[in-house]
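In the numbering used here, the protein residues as written are -4 to 282.
One or more hints might be untrue.
No farther apart than 25 Å at their CA atoms in a straight line, the calculated lysine to any residue pairs in the SDA-like style are these [to be verified]:
(1) Lys111 x Ile138
(2) Lys86 x Ser71
(3) Lys86 x Cys274
(4) Lys111 x Ala140
(5) Lys86 x Trp281
(6) Lys86 x Ser43
(7) Lys111 x Leu97
(8) Lys176 x Arg268
(9) Lys111 x Ser101
(10) Lys86 x Val75
(11) Lys86 x Pro230
(12) Lys111 x Met146
(13) Lys176 x Glu74
(14) Lys111 x Tyr27
(15) Lys86 x Glu74
(16) Lys86 x Ser76
Simulated DEER-style distance windows between Cβ atoms [unchecked claim]:
(17) Leu61 x Trp113: 32 to 40 Å
(18) Lys86 x Ala65: 23 to 31 Å
(19) Pro7 x Ser261: 31 to 39 Å
(20) Leu97 x Val75: 46 to 54 Å
(21) Asp270 x Tyr27: 43 to 51 Å
(22) Pro7 x Ala58: 16 to 24 Å
(23) Arg68 x Val186: 21 to 29 Å
(24) His46 x Arg238: 40 to 48 Å
FYI, nobody ran anything at the bench for these hints, they're computed from the structure. Note that CB positions come from ideal geometry on N, CA and C, so glycine has one too.
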Amino acid sequence: MATQASPPAEIPGAAAVAACAAMAVSYVAVLYAPTGLLRMPPPTSLRSYLHRRFACAAVASVASALATAALLRVWSLGEVSDMLAVFGIRKDHMLEAVVIPLLLTSLVYAGSFVAKLWLLSSSCGGDGDQVGICFWQRILHRIEAAVGDVMVWRNFVVAPVTEELVFRACMIPLLLCGGFKIYNIIFLSPVFFSLGIQLGYTIIFGWYAAFLFLRTGNLLSPIIAHMFCNMVGLPVFSSLRTRGLASAAFLVGSISFFWFLFPATSPELYNSRLDRCSCWHGYCRWK
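Based on the sequences and whatever the hints tell you, model everything.
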């Protein structure tokens, strides 16, 4: 990808931090705005409640993107594709941005896969062909059920897209242009997420998502990883039913994850050019 020729807007570090904190608080505050600020009547069903929150999340995401664009003065870039690229929204190297992070993330879930396959084999009779048929039947059934499930849309689509847009695509360019170092940003950006959400596992995933965005320069990578983690849940470390196979798979998968972490996220895999990078693209700073 050819990077922007125009120089980016450098901003004070304190201003970058303040903007990120404001975005984090606003993202959560807007979700409660209909009933708390606008005094709208409470929703009558879970579906209407979540539809309202979807709209609020979209408003908060767009507002954060516009604020970031104004602070970095991306309008001076001229081309729409260059403006979108500031947020990691790009059409080049899309296959790599989707497939490689997905495979990399799945390594941590090797124990989960073994436990699920063991359970599936037990419930489907144990015969190879029968297990395969049973597996695909259940997959198709879950897909059919998921299409109309509003909670599925919340957990697997709306939350990953809007959260990654705000907490990665908007905040990381601001922090980069504020002069913060790569590793400081990786550990700092999830803190803003915790201002409005929760601590613990989200902090760990936030480190990984920030790492992916900074290494690839593509927003699709953390979004896909986020969707996958939400679908699979927490990794299975051990299982009494699998006689240690899940624990062994988790161990091997985790070692493989860290072994391939840097090679699989090498900036050269996701970008045609690394020279003349603007400050809002962290992938050029790893050399």
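Status of each hint after checking the structure:
1. Lys111 x Ile138: Distance ~17 Å between Lys111 and Ile138 Cα, so the pair holds.
2. Lys86 x Ser71: Between Lys86 and Ser71 the Cα gap is close to 21 Å, so the pair holds against 25 Å.
3. Lys86 x Cys274: holds, 20 Å
4. Lys111 x Ala140: holds, 19 Å
5. Lys86 x Trp281: At roughly 22 Å apart (the allowed maximum being 25 Å), Trp281 and Lys86 satisfy the hint.
6. Lys86 x Ser43: Violated, because 34 Å separates the two Cα atoms, which is more than 25 Å.
7. Lys111 x Leu97: It holds: about 18 Å lies between the C-alpha atoms, which stays within 25 Å.
8. Lys176 x Arg268: Holds. Lys176 to Arg268 sits at ~21 Å (cutoff 25 Å).
9. Lys111 x Ser101: holds, 14 Å
10. Lys86 x Val75: Holds, at about 12 Å.
11. Lys86 x Pro230: Violated - the C-alpha atoms of Pro230 and Lys86 are around 31 Å apart, more than 25 Å.
12. Lys111 x Met146: Holds - the C-alpha atoms of Met146 and Lys111 are around 22 Å apart, at most 25 Å.
13. Lys176 x Glu74: violated, 28 Å
14. Lys111 x Tyr27: violated, 37 Å
15. Lys86 x Glu74: Given pair Lys86, Glu74 holds - Cα atoms ~14 Å apart, limit 25 Å.
16. Lys86 x Ser76: holds, 9 Å
17. Leu61 x Trp113: 32 to 40 Å: violated, 49 Å
18. Lys86 x Ala65: 23 to 31 Å: holds, 24 Å
19. Pro7 x Ser261: 31 to 39 Å: At roughly 32 Å between Cβ atoms, Ser261 and Pro7 fall inside 31 to 39 Å, so the hint holds.
20. Leu97 x Val75: 46 to 54 Å: Between Leu97 and Val75, where Cβ atoms are some 28 Å apart, the hint is violated.
21. Asp270 x Tyr27: 43 to 51 Å: Hint holds: Cβ distance 46 Å, inside 43 to 51 Å.
22. Pro7 x Ala58: 16 to 24 Å: holds, 21 Å
23. Arg68 x Val186: 21 to 29 Å: holds, 26 Å
24. His46 x Arg238: 40 to 48 Å: holds, 46 Å
Hints 6, 11, 13, 14, 17 and 20, counting from the list given before, are not met by this structure.
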